[in-house]
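The residues making up each chain are set out below.
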Amino acid sequence: MTEAKKEYDDIPGTFVFDQERSRQGYGINAFCMTLLKDENRKAFRANESAYLDQFSLTPEQKDSILQRQWNRMLELGGNIYFTAKLGATDGLSFQQVAAKMTGSTQEEYAAMMLAGGRNPNGNRSKSEWEKR
Amino acid sequence: MARIVAGVCSSHVPAIGAAIDLGKTQEPYWTRVFSGFEESKRWIEELKPDVCIVVFNDHATAFSMDFVPTFALGCASEFPPADEGWGPRPVPVVKGHPKLAAHIAQSVILDEFDLTIVNKMEVDHGLTVPLNLMFGSPKEWPCPVIPLAVNVVLFPPPTGKRCFNLGRAIRKAVESYPEDLKVVIFGTGGMSHQISGPRAGFINSEFDKNFLDALATDPQKAIDIRHVEYMREAGAEGIEMVMWLVMRGALDDDVKEVRRFYTVPASNTAVGHLILENVG
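Chains D and B are the protein sequences, given in the same order. Note that the working numbering has the first sequence beginning at 1, numbered continuously upward. Note that the working numbering has the second sequence beginning at 1, numbered continuously upward.
Note that these hints are calculated values from the structure, not bench results. Here the structure is a predicted model, which is why all the values come from computation and not from measurement. One thing to keep in mind: the hints can contain errors.
Unchecked claim - Just the calculated beta-carbon pair ranges, DEER-fashion:
1) B:Leu47 with D:Thr105: 43 to 51 angstroms
2) D:Ser125 with B:Lys161: 23 to 31 angstroms
3) B:Lys221 with D:Gln67: 41 to 49 angstroms
4) B:Thr25 with D:Thr105: 22 to 30 angstroms
5) D:Glu20 with B:Val5: 39 to 47 angstroms
6) B:Lys139 with D:Asp18: 28 to 36 angstroms
7) D:Lys5 with B:Glu78: 40 to 48 angstroms
8) B:Glu229 with D:Asp90: 50 to 58 angstroms
9) B:Val5 with D:Ala111: 38 to 46 angstroms
10) B:Pro88 with D:Ser125: 50 to 58 angstroms
Cβ coordinates follow ideal geometry from the N, Cα and C atoms, glycine included.
Just chain B, with the same shape it has in the complex:
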């Protein structure tokens, strides 16, 4: 059977993508950020996942204000990089896993999570930057990716509790898939940041560190954070962190923390990174 072996959390700051695309990764500002992922790259290279489920958010790229799905599962066989206004990022096309995605969709919907099914989608920095951070800049991404887009643009996003429980349902779905597959689930976005309005630039490292602690050892604490608290304490766009709870819900109650990294800033944002392994 398929199984989820680990969870990876990472910020998705667009400027990280720009630094890669413009060849700035060796500048001191950026080595500070990228150095935090060096061990993680080795970790995932050794682990060799068969599939990654990447919980991410679209930034007005695939979804305009015409339709705003709360949870949308990418079931296509490929997801091209989108033009976000600066031209498409020069990264490989993301290959999907339509068979596992269809299985997850069916299982999760019958488990009462009303997902939107996506058969055509371009993906923006929200998905491709975390892939770069974990896999570097290869010619092809090393494994298929199932994108799960979460609305965190139009208020309100789903609650942390809903996200966590969706993670549980995804795990159940993966474990009922007959093929032996090693699956890693990514929670992306965050950490504290605000890029809109006169309060832009807001960072709260204490909130972020407590959030990382909670995810590792006491997820209920993170589940209980209300939306207004995310926005007040972690910045209006810091609410993206609910996506990390989907990842956490897909893991064991007790997990092994194998990697943690935190730095401020990358452009406007606090960068956080965590790797948690299932031990059971």
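Chain D with its partners taken away, still in its complex shape:
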């Protein structure tokens, strides 16, 4: 394992949206922002790939959007409040998007939340995840 570059890099399963990521993901977030308008949501649905070509996206970023790889979008600089608008365009709630990012079904995720959510114990540091 390489040494943590930033103090918060040690938090497992988390993509902290700092300025480095914001710079990298500007195109993803600029695209998501346009989905606040219904006419844009319609245009996007009509031809996703062509719509995305209006934005400055790397092939990996464009792919992650087309394939709805919710974690990958964050890793490539997307922010959850922006990508949630893509979720909304797909008719998904925040919770449904969250469930996808954890690799569980909506039912499993909702049940975990009802039982008190993901426990802090074992989920504070990357070293704890590596032991699993």
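Assemble the complex: chain D is given as a structure, and chain B must be docked to it using the hints.
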């Protein structure tokens, strides 16, 4: 003169707004959440504030990544509800208080807090859900609202200490406003939650309860929490709780806790609520 009489803290979970808008408030899942605010609604109805200052965060609605103001004060005469992707929430337009807002902006900036001034802004669930929780779903909101948007989306947000001190400066500004106005300040967002990445669903009730205790009786403890600790212990999005410190800074050192409520979950989030009154 104007004075801040109380502070209200509340989560702003979007699903709470959706439950209201889709008529689900009577479902057991949601009555558990809304029941925690029944007494609070009566409290604020009796208090009848003239103005509410609502410290909130925008969720990529008014602010894209083009401009990211750390603190932005809403000085407009009205703030329409925004379309967040599901269509605008069917809630009343939020009426501002441009005169008091301008006074606060001037006072606070000369007090060395470099606010961004906002003359046009649509507001999302971050602002309207706490209003619903405290005021229900009226035809018009009962009083003008001054929104203060805090960046908690792009890391780093302002520190807890900076937020607290801004609260102090806001109080000073309000108290130098000549008109007799009863002002309530809201701190919104939180409590522990993470909605992004494989660790989504993270909740830490112990952290939250300690935070509520600290706000009520020992704010310095909450001020001292570092960003990495919020993210590690309260979830990546739990860092929103710094906004509660603006509210706390605007109150007396010693306050009376008149209401507290905590429940898990509302959707992805621990819901916390606190009402603190100035006694002096």
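> Of the hints stated earlier, which fail here?
Replying inline: 6, 8, 10
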